[in-house]
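> All chains should be built: construct the whole structure from the sequences, respecting the hints.
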Amino acid sequence: QDKARFLACLPDSLRGQLYLRPYPDEISGLDEVGYFKDRFPWLRIFDGPGKEFHDALMRARLLVVDQYGSVFVSAMVANMPIISFADPKIWPVSKQAVPVFSRFEDMGIIQPSPDAAAAKVAEVWDDIDDWWRRDEVQGARMAFCNQFARTSRLWPIHWLKALWRL
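Those letters in the sequence shown? Residues -4 to 161, by the working numbering.
Calculated directly from the structure, the hints in this document are not laboratory data. Every residue gets a Cβ at the ideal spot worked out from N, C-alpha and C, and that includes glycine. If a hint is listed, it holds; no wrong ones were tucked in.
Calculated cross-link-like contacts (lysine-lysine; reagent style DSBU-like; alpha-carbon spacing at most 30 Å):
| # | residue 1 | residue 2 |
| --- | --- | --- |
| 1 | K84 | K115 |
| 2 | K(-2) | K115 |
| 3 | K32 | K46 |
Simulated restraints on C-beta separations:
| # | residue 1 | residue 2 | range |
| --- | --- | --- | --- |
| 4 | W159 | R39 | 44 to 54 Å |
| 5 | R148 | P83 | 26 to 36 Å |
| 6 | P94 | A114 | 20 to 30 Å |
This is how it looks when you write it as structure tokens:
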């Protein structure tokens, strides 16, 4: 319902530029493709396999998600513009993550509803990079990555040091 609300709230000018990546039927037990195609005939569906999805993801101009799973984390690490309208009752964050996610809310990365997410997409669409590259947005993204998605080519050394301290 939240995804449908988001799609319904998008301005007409953006509708033809959107792809939906449905959850696989075998995982969710839902026919998302049929559900959304019946309600939004203009919607393009991307249901290619994992590698094709990953490649398409890396070419996306802006990602919009309804959760804080692997796509959200990958977007933060890859520095890809993203907006989320995850329901906090379904996707709560840990106490340690509250300060970072509060910054995301302040920067517009996390929106309180599908309607607000659609409005934010419309607001930033003409110049996504101007919004995403702002120092405050990048600072919030980097704080998230430093605390929850740290990357390094020397990761085995960092892991060994962390394990040694335990």
